[in-house]
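Student: Each chain, written out:
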Amino acid sequence: MASTSKDVPTSPSGHDNTDDDLEPGASYDSILNPTDSFEEFATEMNTSLERSRDLTKKSSTISEIQSEIGECSKELKETKSSDNLQNKDEAISASTSNSNLDENGEDTDNEDDYLKSPELVNKEKHVFILSSAGKPIYSRYGNEDKLAGVCGVIQALVSVVEEQNRDILRSIITKDCKAVFLVKGPLILVAVSKSNESETQLVLQLTYAFNQIVSVLTLTQLNRIFEQRRNYDLRRLLSGAERLIDNLLIFMEKDPAFLLGAVRCLPLPEKVRENITNAIISTCHKIRDLVFAILIAGNQLITLVRMKKYTLHPSDIHLLFNLVRSSESFKTAESWTPICLPKFDATGFLHGHVSYISEDCQACLLLLTVQRDAFYPLSQAKHTISDKLRRSNCLTAINDALNRSKDLPTTNPLKHIGIPEIRHFMYKCKSTAQLFTSDPICLDRLQDYRQRHKEGGDVVKKKVEKLSDIDYVRNYREFCSKMHCACSPAKLIFRSNSLDTVLAWITNGFELYVTFDPLMEKDQAIRAVDRLLRWIKNEEKRIFIMNAPTF
Amino acid sequence: MIDTPHKIDSFFIFNSNFGPKEGDELKRILFFYPNQINTDVRKTQVGLCEAIVRFMTTFSSEPCEALQTQSKRYIFFQPEKNFWMVLVIRIPYATKLSGDSKDVVEPSIMQDFMVSSYKTFRMFVGLFKDIPPEDTYGICEQFFNPYITSIDVSNDLSNIIQGINYLPLEKNSFFKVICFIDLLQVNYPQFKCISFVYNDQLIWNGLCKDDMLTLYQYLVHSLLPKQVEKEIQGGAVTAAERHGRFISPPEGIHSDEDLKKLNKVYLRREDDNETKQYYLVIYRTLSATVSFTVDVDTHVDFATFRALDTFIGPQLSTIASSIGEQCTIHALQNAQIASPDHKFLYFNKLNLAFKTSTPSNCMTPSAAVKPEVLNIIAEIHQDHKSLGKYGEIIIKTPDEYWITGKSSNDREFYVVMQKNANLKEIADEVKRICEMQMKGIFFYPM
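Respectively, the protein sequence lines represent chains A and B. At position 83 of the first sequence (counting the first as 1) the number is 86 in the numbering used here, and the numbers step up by one without a gap. At position 235 of the second sequence (counting the first as 1) the number is 565 in the numbering used here, and the numbers step up by one without a gap.
Read the hints as simulated data drawn from the structure, not as lab findings. Since this is a predicted model, take the numbers as computed values, not measurements. Ideal Cβ placement from N, Cα and C applies to all residues, glycine included. A portion of the hints provided could be inaccurate.
What the hints assert, rightly or not - Stretch-level coverage of chain B by chain A, calculated; a stretch enters the list once three of its residues show a Cβ under 8 angstroms from a Cβ in chain A: (1) 370-381; (2) 400-408; (3) 506-519; (4) 702-715; (5) 723-733.
Unchecked claim - Cross-link-like lysine to any residue pairs, in silico, SDA-like; alpha carbons within 25 angstroms at most: (6) Lys700/B with Cys488/A; (7) Lys402/B with Ser346/B; (8) Lys754/B with Leu522/A; (9) Lys754/B with Asp503/A; (10) Lys685/B with Met444/B; (11) Lys337/B with Cys490/A; (12) Lys337/B with Gln167/A; (13) Lys715/B with Asn478/A; (14) Lys679/B with Val156/A; (15) Lys402/B with Val156/A; (16) Lys373/B with Arg420/B; (17) Lys754/B with Val156/A; (18) Lys373/B with Thr466/B; (19) Lys700/B with Cys490/A; (20) Lys373/B with Gly137/A; (21) Lys494/A with Ala751/B.
What the hints assert, rightly or not - Not close to chain B: a few residues of chain A, all C-beta gaps over 10 angstroms, as computed: (22) Lys149; (23) Ser198; (24) Lys409.
Let the sequences and hints guide you as you build the complete structure.
Tutor: Below you can see the structure in the form of structure tokens.
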């Protein structure tokens, strides 16, 4: 550890003055499970052929909670599983008649032409999901039925490598295109991309897409379906989930939260956040089955109150963000919905009461429980919380933050810090898995992006005018993948060219990516980074959630 | 030193059009290494590659470059339409190289190895498509088998980029070389001088850039090491060697019979715009090696060669010894500024000029660089976009290696050092090395 001080490119004066040893944003307690998605990736990619096929069943966290609560858990489980079986049987019998029709093979001849059709040609990134029997389940563009041919080829490639070479197919590369393969349980996921994302980043996206499916079905059900009928057409169970995957893919392309495996928090004054948290705790602490209470707004976390011992993984929160953002229906009515959080417990459902806090505030409250018939007590709790927040003026504070009111220091941090040569930055606190960027994408711009994407998703050479957050983040992808490269990782990258200067820096506590003006001097950059870190430290209580409240 | 056969899992060449019908799959395989692999395995390997290539054409108009599986990387190269060369190396997917990382070769080095194997093939044998299909199998076997087993690839800084090591000479010596070449071409117009090499450094070149690299590599990696070995075994320099001799054909030219053994090569000379077939004649005195081309239509006779020998021999040996003296002075100067705590690499894309702190052909084990570091340099080198016309990148690895890459116009400069320092100190150090080693070459930003 003697090297840590030298490790730091900042002038020695930088860190020694700060009153606290901790990196900006770090706290001893975290609501999020800070497992690094890159480390996870590395271990997963190391798995042997045998293990990758069978997703090991860990003990279920949900049943653990249920048994702790001690009530009626047995009965609950039984009803649930018998339910599943019934549903599935119906579904399967329905599919038998159908699948025979699908297999007339007529499409395969036209398959090449279809991929070259205007609907599909020149897309920046294709994503295909198919069953290990080669049946199409999802395609980002075009009609899956017409892609039976290409899915057949993918399945054949995967199985040839597996069976004849005793190996696992990972990727294929041409000069302008990468195809990445991920075999997970009974599914095969493929991304074919012309973007600048690295193979690792694409695999992580495919893992997310897989988790999105698990979140709708649970892993147990997914595995069981294919154990019983290898040729099952999963689409019939996933209706509605296509839209979730569509949105998730767009979300992942533009939000740095995915790049860094972290969660963005809505910047709020410390006191306001405390009030919100207390309002939730005081209302809910008596509800025994409640596991998580989560308040989110605009893909940002406002607060998370949890049952003792349990934390959430950032990727589960991302799925919740995606669910809320993709479902207009939550806006109009209180909903009761089963949600599986794959990292928390892939084998079972939590039940969620989901509703917007009030008509004049776009914050959404999720109350997740293991109790399948708790709608009414939770609905009541929600109304109490909502009233409390209104009375304590918290709703106004949330709205100010969401609308990026000009008076807030976090609305335009670069101006507030006063370092003109910094154009953009992105900071992740590793111990709490939270991030902050200088120019968070506001909701309407996100909508724009989504709109644009629906129409195209094509490879376009656009002229750069003013770069947006999305463009900077796109730029950081390459740095991110170099820093986390499994075979030759880096701790620091300083790159300057005629367009800009970028500094990427990882320490034990944080990850930082900064874009400066072109041809920046090194010592000037070091001084600027030093000031930036001090600013983040000063504002940390506002931009990060520094404690980990429990019921 | 790394033994190549151990690195290479397999290497094969195929053309799907050679056996279009089912059952004819074996005909598609023009060459397969290692030889002991049975035909079923060959067929599945080639079949997989055919499928991969076809699969990617639905998404990209660019040819397939690589396939990565959990344990291996398949590197693809399509030198001519429908002819595919595939090199399979053992390299694990997305795992930290550790412990046995000595056994892993940087994939870009292997890619370059495959491309130069083809270029050498094209120089000596010609295009695949010009060879009658039924002869292809035998010719490939004859050429590629020894090629693969003879070449060794090490994780050396100098292998990251394929370049030519030029010998800087002071004006007078350089003009002596030029005068010698001019005089020779005036007296023997059918002989065109295409290269002048001293030790393993190039002084004069009469070929187009690409072919020069191929010929240079053939001389430096294959032909000359064998000659040097012979010279060493022969003990003291014999009188004949002082006066020079023909080294291609290898046994020299002592009679009309020997002329039949002249190598034929396909090359494009600097002033020509097409590749033509020539006889390749190579002459060596002391450490100087001169190569000539002779049109294949020219009538060659032994008398001309004997006259040529008496013409070149004495002149070349004078020039060679004066260059030798200069080299000694150079070496002394270089030894003074060389320092063991850093390694550098310079490359100019326009003339393929190449300079490195680790002398090429050096067999010292310390010359090997960690594969992680090589990987980073190879990535910077291949990623032309990120540095643009002018740019600089500094990367620090977890084990305190600092890798700096600079690009300025078409010149590249890399420095590797391992030390405990900060960004500014490293940048200053690199600047110092750059000024010292690359006097007069301008890098922006400084």
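Student: For Lys700/B and Cys488/A, compute the direct alpha-carbon distance and say whether it is at most 25 angstroms.
Tutor: 15 angstroms, holds
Student: Does Ala751/B lie within 25 angstroms of Lys494/A when you go C-alpha to C-alpha?
Tutor: 13 angstroms, holds
Student: With the threshold set at 25 angstroms, check whether the alpha-carbon distance from Lys373/B to Arg420/B stays at or below it.
Tutor: Holds, because 20 angstroms separates the two Cα atoms, which is no more than 25 angstroms.
Student: Examine the region 506-519 of chain B: at least three residues should have C-beta closer than 8 angstroms to a C-beta of chain A.
Tutor: violated (count 0)
Student: Tell me if the straight-line CA distance from Lys754/B to Leu522/A falls inside 25 angstroms.
Tutor: 14 angstroms, holds
Student: Hint check: Lys402/B vs Ser346/B, CA-CA at most 25 angstroms. Holds or violated?
Tutor: The given pair, whose Cα atoms are some 23 angstroms apart, holds under the 25 angstroms limit.
Student: According to a criterion of three or more residues whose C-beta lies within less than 8 angstroms of a C-beta of chain A, is the region 370-381 of chain B covered?
Tutor: holds (count 4)
Student: Hey, Lys685/B versus Met444/B, does the alpha-carbon distance stay inside 25 angstroms?
Tutor: 23 angstroms, holds
Student: Between Lys402/B and Val156/A, is the straight-line Cα distance small enough, at 25 angstroms or below?
Tutor: Holds: Lys402/B and Val156/A sit about 21 angstroms apart, inside 25 angstroms.
Student: Can the region 702-715 of chain B be counted as covered by chain A under the rule of three residues or more with Cβ-Cβ separation shorter than 8 angstroms?
Tutor: With 5 residues in contact (Cβ-Cβ under 8 angstroms with chain A), the coverage given for the region 702-715 of chain B holds.
Student: Per the stated criterion, does the least C-beta distance between Ser198/A and chain B lie above 10 angstroms, as a non-interface residue requires?
Tutor: 13 angstroms, holds
Student: Taking 25 angstroms as the top limit, are the C-alpha atoms of Lys754/B and Asp503/A close enough?
Tutor: 18 angstroms, holds
Going down the numbered hints, you'll see the structure goes against 3, 14 and 17, while the others check out.
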